[in-house]
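Enquirer: For reference, the chains in residue letters:
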Amino acid sequence: MNLRRLYMVLAVLLVVWVLLPIFLIATLAFSDRPSVFAWPKGLLPQQFSLETISFFFGVEGVWRAIRNSLAVAAMTLVFSVLLGAPAGYALARYRFAGADAYRLLILMTRAFPLAILAIPLAVRFIQLGIYDTLLGVALVHTALALPFAVLVTSSLFLSIPKELEEAAWTLGCNRLQAFLRVVLPLALPGLAATAIFAFVISWNEVFAATLLTLRERTLPAFLLTSLNDSPLPFRFAGGFFLIVPALVFIFVIRRYLFTLWGIASR
Amino acid sequence: MASIRVENVEKTFGRFKALNGVSLEVRDQEFVVLLGPSGCGKTTLLRIIAGLEQADKGRVWIGDRDVTLLPPRARRIAMVFQNYAVFPHLTVYENIAFGLRMQKVSPEKLKANVERAAALMHIENLLGRYPAQLSGGQRQRVAVARALAVEPEVLLMDEPLSNLDALLRLEMRAELKRLLAESRTTTLYVTHDQVEAMSLADRIAVMNAGAIVQYDTPMRVYQEPASVFVGGFIGSPPMNFLRLRVEGQRVRLGSLDLEPPAEVGAEVLLGVRPEDLEVYPAEQPQSFAAQVLVVEPLGPHLLLTLNFAGQAFKATVPPDFPAAAGQTLWLRPQPSRLRWLEPGSGRAFATG
Numbered sequence: 001m002n003l004r005r006l007y008m009v010l011a012v013l014l015v016v017w018v019l020l021p022i023f024l025i026a027t028l029a030f031s032d033r034p035s036v037f038a039w040p041k042g043l044l045p046q047q048f049s050l051e052t053i054s055f056f057f058g059v060e061g062v063w064r065a066i067r068n069s070l071a072v073a074a075m076t077l078v079f080s081v082l083l084g085a086p087a088g089y090a091l092a093r094y095r096f097a098g099a100d101a102y103r104l105l106i107l108m109t110r111a112f113p114l115a116i117l118a119i120p121l122a123v124r125f126i127q128l129g130i131y132d133t134l135l136g137v138a139l140v141h142t143a144l145a146l147p148f149a150v151l152v153t154s155s156l157f158l159s160i161p162k163e164l165e166e167a168a169w170t171l172g173c174n175r176l177q178a179f180l181r182v183v184l185p186l187a188l189p190g191l192a193a194t195a196i197f198a199f200v201i202s203w204n205e206v207f208a209a210t211l212l213t214l215r216e217r218t219l220p221a222f223l224l225t226s227l228n229d230s231p232l233p234f235r236f237a238g239g240f241f242l243i244v245p246a247l248v249f250i251f252v253i254r255r256y257l258f259t260l261w262g263i264a265s266r
Numbered sequence: 001m002a003s004i005r006v007e008n009v010e011k012t013f014g015r016f017k018a019l020n021g022v023s024l025e026v027r028d029q030e031f032v033v034l035l036g037p038s039g040c041g042k043t044t045l046l047r048i049i050a051g052l053e054q055a056d057k058g059r060v061w062i063g064d065r066d067v068t069l070l071p072p073r074a075r076r077i078a079m080v081f082q083n084y085a086v087f088p089h090l091t092v093y094e095n096i097a098f099g100l101r102m103q104k105v106s107p108e109k110l111k112a113n114v115e116r117a118a119a120l121m122h123i124e125n126l127l128g129r130y131p132a133q134l135s136g137g138q139r140q141r142v143a144v145a146r147a148l149a150v151e152p153e154v155l156l157m158d159e160p161l162s163n164l165d166a167l168l169r170l171e172m173r174a175e176l177k178r179l180l181a182e183s184r185t186t187t188l189y190v191t192h193d194q195v196e197a198m199s200l201a202d203r204i205a206v207m208n209a210g211a212i213v214q215y216d217t218p219m220r221v222y223q224e225p226a227s228v229f230v231g232g233f234i235g236s237p238p239m240n241f242l243r244l245r246v247e248g249q250r251v252r253l254g255s256l257d258l259e260p261p262a263e264v265g266a267e268v269l270l271g272v273r274p275e276d277l278e279v280y281p282a283e284q285p286q287s288f289a290a291q292v293l294v295v296e297p298l299g300p301h302l303l304l305t306l307n308f309a310g311q312a313f314k315a316t317v318p319p320d321f322p323a324a325a326g327q328t329l330w331l332r333p334q335p336s337r338l339r340w341l342e343p344g345s346g347r348a349f350a351t352g
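If you read the protein sequences in the order shown, they are chains A and B.
Quick note on full-length UniProt numbering: the first sequence kicks off at 1 and runs consecutively.
Quick note on full-length UniProt numbering: the second sequence kicks off at 1 and runs consecutively.
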């Protein structure tokens with residue numbers, strides 16, 4: 001029983017550690033200016049006001065950064081699904097030489113630190129003429145999101161019995177028709193989750209976006225570079241705006257992430 | 001409707017030889033069961049006929065078409081899978097209509113076929129439901145209806161009853177038999193359940209280790225097994241095999257004097273089914289003595305395990321037969337039901 005209590009305490013600490021900053025950022029983003037600057041800050045929500053948020057959106061370059069972020073995230077989403085889903089399908093359905101090695105290699109790409117890659121990547125991008133373009137950033141983000149896309153979709157396709165496809169074949173479908181009529185409708189929620197996850201990865205990514213752009217900043221890159229010389233309300237509002245989409249999306253697709261991580265859900 | 005002809009099909013998975021040059025003919029409108037233990041290659045053979053698996057060697061004919069290289073969709077077959085493979089995102093109606101929609105039949109024919117197939121399987125009242133709202137038995141009915149709706153030339157069934165519970169399986173078995181006798185579709189049915197095979201088949205193809213070891217009517221397969229394997233696999237309890245010495249072209253079994261086939265060697269196996277042994281509590285002429293080891297009351301009869309010269313075998317007697325462990329009984333096999341087999345190869349000698 002003591003062990004159980006210890007677990008509970010640890011769990012509560014962990015939850016507080018994660019949630020407290022989010023809570024503070026959220027409450028202060030919706031407070032008026034005096035309470036943002038007040039010290040010590042109260043734990044409970046202060047004067048509710050949209051002043052901070054509207055100030056944030058009024059700052060020069062914010063809208064453009066948001067537009068860039070959306071465009072990059074959208075491109076990342078499309079690339080990840082279009083490249084990741086076929087790879088995941090192949091991993092799930094075919095036994096081919098080196099399948100296991102391939103699966104491992106996909107994960108290895110995530111173990112490779114981006115910091116080492118960044119300089120050569122920047123040089124190469126300049127040579128290719130895609131430095132400081134949204135496409136360039138989206139390509140790097142796709143590389144980051146792809147391992148997840150491949151692994152999630154592969155477990156997704158694995159969960160759809162092969163017999164369903166075979167039944168479709170015997171009933172007159174070719175492979176593409178069977179995929180479109182049987183597999184795709186069943187995989188759609190999971191594919192949507194994969195897409196959203198790729199979107200979130202791109203939306204939150206700051207390192208590559210900062211290094212590979214000068215003028216075409218995404219929102220995290222824009223905030224990172226302007227954080228030091230911007231007022232406190234701007235930081236809170238910006239932080240809030242970065243966190244929220246990620247939180248919402250992750251919450252929506254949590255079931256699929258659990259299956260990816262092998263945790264029994266439902 | 002069409003016949004099926006399989007010629008010398010071979011299939012290897014890695015190092016495992018699943019099919020070892022199998023040939024099989026199924027006549028038009030015939031119901032043939034592929035029976036064998038798991039891993040004998042029966043499902044692989046069925047999948048090769050369906051086109052879901054490609055044979056390494058050999059050819060497959062459906063009717064007079066060589067379908068060896070055709071994809072499943074061009075073979076005019078339908079298949080029922082062990083796990084039903086009913087499409088979970090479609091209603092029962094759309095499931096049954098799936099194959100017809102792919103064939104682009106007219107809306108009138110589609111509706112008529114779906115309703116006829118649903119009526120055959122008694123699922124007319126389930127047409128609007130989704131598979132998740134159905135029981136296992138109902139899903140199975142949908143799977144069969146979906147296969148029948150496309151009016152296939154050949155119906156392939158892969159252990160369709162094995163996921164049902166025992167009672168439901170019994171019920172579906174009788175229903176399938178009625179249904180397929182009505183629809184007169186050429187059917188190839190895979191199972192490892194010998195009772196299912198016996199009850200359904202026009203002919204049974206018994207498979208073992210990637211080859212067909214006997215292909216005959218159920219009663220012939222039961223009464224005249226081609227080998228020790230067939231005799232032991234079919235029948236519950238299986239056939240008894242007594243190893244006996246041959247002396248001067250005669251075999252002595254107690255006071256019983258038997259004449260084995262002319263081509264026997266020094267020893268021979270005598271195969272006899274437990275129910276083909278007449279059992280007497282007192283000594284009889286033309287019989288042999290054996291000690292009772294175990295008595296198992298099974299309801300319709302008693303199952304005796306007996307010992308004859310160090311060899312255990314089984315016999316069945318009526319439930320009121322006075323039998324106890326340790327007792328000596330006299331047995332006489334029915335002469336017409338004896339089966340002589342070669343001890344080395346396990347193969348039966350040809351009977352005259």
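Among the hints, a few may not be true.
[As the list claims (entries may be wrong)] Coverage of chain B stretches by chain A, computed from C-beta distances (three or more under 8 Å per stretch; other residues unrestricted):
id, stretch
1, 97 to 110
2, 203 to 211
[Said to hold, decoys possible] Under the rule of at most 20 Å between Cα atoms (straight-line distance), these lysine to aspartate or glutamate pairs were calculated in the DMTMM-like manner:
id, chain 1, residue 1, chain 2, residue 2
3, A, 162, B, 53
4, B, 177, B, 193
5, A, 162, B, 159
6, B, 177, B, 276
[Claimed, not checked] Some, not all, of what chain A presents toward chain B, calculated at C-beta under 7 Å:
id, residue
7, 106
8, 109
9, 113
10, 187
Calculated directly from the structure, the hints in this document are not laboratory data.
Backbone N, C-alpha and C define an ideal beta-carbon position, used for all residues, glycine too.
Enquirer: Are the hints correct? Go through all of them and say.
Expert: Hints and how they fare:
1. 97 to 110: As far as the stretch 97 to 110 of chain B goes, the hint holds, because 4 residues have Cβ atoms under 8 Å from chain A.
2. 203 to 211: violated (count 0)
3. A:162 <-> B:53: holds (13 Å)
4. B:177 <-> B:193: holds (15 Å)
5. A:162 <-> B:159: Distance ~16 Å between residue 162 of chain A and residue 159 of chain B Cα, so the pair holds.
6. B:177 <-> B:276: Violated, at about 28 Å.
7. 106: violated (25 Å)
8. 109: Since the shortest Cβ distance to chain B is 30 Å, the answer is violated.
9. 113: Since chain B brings no Cβ nearer than about 40 Å to residue 113 of chain A, farther than 7 Å, the hint is violated.
10. 187: For residue 187 of chain A, the interface hint is violated, since the closest Cβ of chain B sits about 10 Å away, which is over 7 Å.
Checked against the numbered hints above, the structure breaks hints 2, 6, 7, 8, 9, 10 and satisfies the rest.
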